[in-house]
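There are 4 protein chains.
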Amino acid sequence: MKPYIHKVQYYETDKMQITHHSNYVRFMEEARVDFMEQTGWGYDKMEMEGIISPVIGITCDYKKTTTFPDEIEIEVSVLEISAVRLKLGYRMTVAGQVVCTASSSHCFLNKNGRPVNLKKTCPDFYTMLEKSM
Amino acid sequence: MKPYIHKVQYYETDKMQITHHSNYVRFMEEARVDFMEQTGWGYDKMEMEGIISPVIGITCDYKKTTTFPDEIEIEVSVLEISAVRLKLGYRMTVAGQVVCTASSSHCFLNKNGRPVNLKKTCPDFYTMLEKSM
Amino acid sequence: MKPYIHKVQYYETDKMQITHHSNYVRFMEEARVDFMEQTGWGYDKMEMEGIISPVIGITCDYKKTTTFPDEIEIEVSVLEISAVRLKLGYRMTVAGQVVCTASSSHCFLNKNGRPVNLKKTCPDFYTMLEKSM
Amino acid sequence: MKPYIHKVQYYETDKMQITHHSNYVRFMEEARVDFMEQTGWGYDKMEMEGIISPVIGITCDYKKTTTFPDEIEIEVSVLEISAVRLKLGYRMTVAGQVVCTASSSHCFLNKNGRPVNLKKTCPDFYTMLEKSM
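Protein sequences appear in the order of chains A, B, C and D. So the first sequence is numbered by our numbering: it starts at 1 and just counts up by one. So the second sequence is numbered by our numbering: it starts at 134 and just counts up by one. So the third sequence is numbered by our numbering: it starts at 267 and just counts up by one. So the fourth sequence is numbered by our numbering: it starts at 400 and just counts up by one.
Bear in mind the hints are in silico, worked out from the structure with no lab data behind them. Quick reminder that beta carbons are idealized off the backbone N, C-alpha and C, glycines included. Every clue listed holds true.
Computed beta-carbon distance windows for the label pairs:
hint : chain 1 : residue 1 : chain 2 : residue 2 : range
1    : C       : 381       : A       : 48        : 45 to 55 Å
2    : D       : 511       : A       : 64        : 28 to 38 Å
3    : B       : 172       : A       : 101       : 41 to 51 Å
4    : B       : 231       : D       : 481       : 17 to 27 Å
5    : B       : 172       : D       : 523       : 46 to 56 Å
6    : B       : 149       : A       : 119       : 42 to 52 Å
Could you put the whole structure together from the sequences, leaning on the hints where they help?
Listed below in structure tokens is the structure:
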């Protein structure tokens with residue numbers, strides 16, 4: 001898997017002259033979208049299968065500040081996978097130094113908002129996630 | 134009409150330690166929603182009538198910088214109204230000093246995305262906007 | 267303590283027609299600023315004392331979706347306080363229903379970026395936080 | 400000059416399921432930073448010369464909606480240049496179709512916030528901008 005690169009934008013900085021901490025949650029989404037595309041289960045494919053995976057929780061641990069125009073390299077990994085829940089991990093570095101570690105938890109819903117058993121509905125997707133742990 | 138107050142948030146500032154200029158476009162939306170509610174044609178009513186009014190253009194002239202935790206007072210006014218187009222003006226002040234003047238242009242569409250003649254479809258709304266010029 | 271109210275803005279929603287999950291981290295900051303002001307230790311006072319308290323970690327658990335124009339009521343509480351670290355809790359409700367629970371962790375630094383022992387440097391502030399647990 | 404590509408992110412969409420109009424002002428900043436770097440007068444160089452060029456005005460004309468995960472190609476051009484003012488133009492396309500045209504106006508200040516005559520202070524930069532019109 002190729003890590004995702006986010007170049008910090010000027011508008012993502014704040015009065016403390018660093019990247020505002022809320023933006024890392026957005027960088028996580030960017031990296032997650034890219035990760036899913038790399039696995040072959042991008043947004044389009046998920047939509048075609050009629051599955052959405054909303055975020056039900058996040059954690060962020062800020063280790064070092066970053067700022068414009070730093071390039072943040074983000075590695076995504078599968079931390080936990082079950083029939084009803086997925087937990088992803090994020091390791092963000094700038095020039096090899098860890099700046100933030102984070103996680104996001106997701107459930108799986110069909111288009112009517114009902115929970116879906118991923119193992120049964122999308123066994124290929126489930127197996128791929130399990131293997132990439 | 135009561136002016137709208139936006140209190141600048143920390144996350145709306147940037148590395149220059151001022152409110153990032155892109156955020157004024159968001160303050161305009163907040164003030165517009167409030168203005169429409171005050172006229173009796175809030176978001177819910179518009180939706181019930183099946184009309185949406187997308188933004189087709191904006192202009193912003195930045196006069197003075199603002200920053201956290203300034204309170205920006207925003208006065209909205211109708212600059213132009215025709216059967217197919219609305220142009221609103223925005224005058225933003227902090228402690229009586231003008232910090233930004235701006236405008237937004239809007240068209241009117243029905244739920245299928247087709248242009249709507251506001252004068253015919255919502256004569257009450259049209260007359261109200263015309264009078265408030 | 268009076269809870270903080272954040273009215274969800276149109277620009278805070280996303281393609282799923284709900285408030286984008288990253289924005290809750292910003293609502294937390296708004297509520298925290300308000301909480302600190304209510305305790306008498308607002309941003310200005312902290313700055314005068316030469317202390318900054320950067321965010322070193324956050325957690326968010328999303329319970330229910332919200333959307334424009336919901337009013338989110340946010341209660342802030344002190345979860346943990348030590349000489350070198352503060353952890354705040356956030357309980358967000360819409361019409362009495364919990365929509366999100368969250369926490370933020372902070373350290374204390376002086377203007378040179380060096381860690382500060384809050385108990386020694388600002389005993390009044392420390393005691394106030396301890397009492398409000 | 401190579402055009403700048405902005406890939407629309409999920410968090411940049413809104414309830415109408417399109418890119419929120421305020422975000423184009425941010426895309427303009429991204430493209431401007433890239434344009435300046437390509438001219439050899441990137442952010443670092445400007446800072447070294449002690450010059451900042453705040454945004455004093457913007458205009459945006461929205462032609463077509465975009466959404467996640469569209470790739471917006473942005474061409475930046477010099478519309479006007481004088482000793483005290485710069486106006487840049489932006490042409491944004493998706494798959495060859497114009498989605499937005501825009502402009503930003505800038506003045507030149509030194510580190511004390513005083514206006515600077517660019518022609519005198521940075522003749523090389525001025526000449527480069529004039530030639531690229």
